[in-house]
Amino acid sequence: MANKRTFDLGRPVDFAIVGSGAAGGIIAKELATAGFEVVVFEQGPYRKAADFGHDELATVFRLELNGDVSGQTFRRSDDETAVPQPRPPAEYAQTVGGSSAHFTGNFWRFREVDFRERSLLGAISGTNFADWPISYQELEPYYTRVDWEIGVSGAPGPNDAPRSKPFPMPPMPIKSSGVLLERGAKRLGLTAQPEPLAILTQPHNGRPACIKCGYCMWFGCEIGAKSSTLAAMIPLAEASGNCEIRAESAVFRIETDAQGRASEVRYFDAAGNERSQKARAVIVCANGAETPRLLLMSASERHPDGLANSSGFVGRNLMFNAHVAVNAVFDEPLNDYKGVQVTRIIHDFYECDESRAFYGGGGIDARPLWSATPILHSLLGMPPDVPSWGAAWKHEIAHNFTRQMSIVGSTTSLAQDSNNITLDPTSTDRWGRPGLRVTYMDHDDDIAMGRFLEARCAELAEAAGAVKYWPFDNLPTTGSPHLLGTCRMGDDPAASVIDRDHRSHDVPNLFICDGSSFVTSGRGQPTMTIMALAFRAADKIKAAAAAGTL
Amino acid sequence: MPSLYVAITRKTAAMTKNNNELSRRRFLISAGSLAGASFVRMSGASIAAITQAACTARDDPAAALLSLSAEDALDIEAIAARIIPSTDTPGATEAGVVHFFDSALAGEMRDKRDELLAGLAELNAANGAPVRFADLAPGEQDARLHAIQDSDFFGLVREMTIFGFFAMSSYGGNRDHVGWDLVGFRGHNGAWEYPFGYYDATVHGGGSDGE
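Residue numbers (the numbering used here), protein chains in the order written: chain Y, 1 to 550; chain G, 1 to 211.
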């Protein structure tokens, strides 16, 4: 604790970073270890590995790590009134490490095609489909840094994008769900490849290997084998002596000065008191829902439509990645609740295929999903032909729980104006901030791609020898932990929020990096790319500081 | 991953194949009856006596009810026992699910207490006083629950029964892990070695089902 640093509120620090998650944790570590003074604001508490447990009810159903989500509302289109939902449609953790603390760890790199698909395929009318201003080649060194510094296990697949360095450790040994997916793939002429996973299979950078407890999805890792920024980055940031993690501090406004530069961050502390931290530059890494909300809440005379929003693109182009699943029961026990979720994936449908007559691509994996824990199985994993209670229900769950897995498809989402984050005009959260309003309806092509993958998942279940299988209908999408596109990166200030180096077009010392930076959605596993962007953004910010152009 | 709270069944029929050769492989829709439940018919009074004891003194004589009256607790225990009945394996009663209800309604789910008690009162109003739901024969209880199984009240009781049956024992139910034992979940183990199951045993060697 000797290195723990706290900073005066009145004296400007070099950087105020809003959000301690996948992006914020990396940028904090990069800047603090480079000698800059950094304060990281996290609205949730500072839980450590030892604070995480195996309590399904608290974690999965009472959403302990998600924290306070009051005020969040949902609607399909802007002619509807948004209303609160049983579960928040924008899913993210409020805890140090952000959603990286409770993610499942599927860590696919994007491919070259993801960055320039608009050029390859042409425009799609009614959408904001566009190329990224950066290429895979430009991001590749940073993907490699994620592999090695954050910790990714895996082995290359036949059609992966080129990598400059091998994985730092072998993939997770195959589970029964992986064996069955491989079996199905083989019979259908597809390729099942090892899953790249942000979970350690060997001790790495002073952290232990996975003990295969089975509590990955939605849970925090109690031994630090899951490669969250909480485990991999924040300890290094704090050890530098230059970084303060200011937990339970909910930012509600970024102030700008007379020159139009970001000057301070205003927040509520743990007791609910208003505080303010001065900073020379502000970096917003609050996730693809909270980042646009904060910018919209920071509207002022100079920035009437929200900070950094002269383009009107703040909050727009929300992309969730559509997901589908086919649940499948087999003769013998898989006991797939043990160990990590995913050990094998299929990327044969990654590329867009013109013969499909709709835009889109995706990936398939096999995992326990609802059979990871028994309450999930009870409420979401039961077959539709069984009564929902009584002896028949009991008999079915007793038989199926250990014998069931899900084949999951995840897809592209197209960027559309009509899918967005705005401030709810009536609801507020517990701090009194305007509620986060989510408006979302998948593009027809996203649904078509989802249905296409769902049919492939069913074929795989059949080919794998399932005795019974059924789709878990998940379309249209009602919510997602993938919060992408809402402050997109671009060269044109009229059609993007940040430039290719993550600097906002409108406010020179305001940077944004998280899922909101995405131009396209990728194929359904975004966190690897969020982390690679964060390493790259930190390099660009350091270079700007060195050049005196912050 | 897919979101929670989504209707499960919208597209099921399309996946059902009309192929008798593969009939074993697909929706073998059984009668869906409750055959298999072996219930000894007892008088309402003796069930009440048994469950009264269960509710108030199963392990700890000092464990008074926190949020429920003894009568309401008996009715809840009776409903839970139809949702997850005691068969050749333990059910909601043996799991002590009613204790989950009692403590949840005094704590995290206190905002559901009024809704739950109102639903219970409505259910009992049909009996004609002083007969309570817990006094009815199991077959009659099932019929009554079938009639309301699409109601919000039943949905809440069902969900809480599942929580009480499968949540950690520290919440009051899932006694001796009977819920986890029923489905073969050993979530309290903490760490596992390969092979986990039957299919990965072919790769990793070891026992036939990993146990």
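Since the hints were derived computationally from the structure, they do not count as laboratory data.
Computed from a predicted model, the values in this text were never measured in an experiment.
Where is the CB? At the ideal position from N, CA and C, for every residue including glycine.
Keep in mind that the hints are not guaranteed to be accurate.
Short derived list, chain Y residues pointing at chain G, Cβ under 10 angstroms [as the list claims (entries may be wrong)]: (1) A50; (2) W148; (3) M297; (4) F330; (5) Y337.
Going through the hints against the structure:
Taking 10 angstroms as the C-beta contact cut-off toward chain G, the hint placing Y/A50 at the interface is violated, the least distance being around 14 angstroms. The criterion of a C-beta within 10 angstroms of any C-beta in chain G is not met by Y/W148, whose closest approach is roughly 26 angstroms, and the hint is violated. Checking Y/M297 against chain G by beta carbon gives a least distance of about 26 angstroms; that is not within 10 angstroms, so the hint is violated. The interface hint given for Y/F330 is met, as the beta carbon of that residue sits about 7 angstroms from the closest beta carbon of chain G, less than 10 angstroms.
Because the closest C-beta pair between Y/Y337 and chain G is about 6 angstroms apart, less than 10 angstroms, the hint holds.
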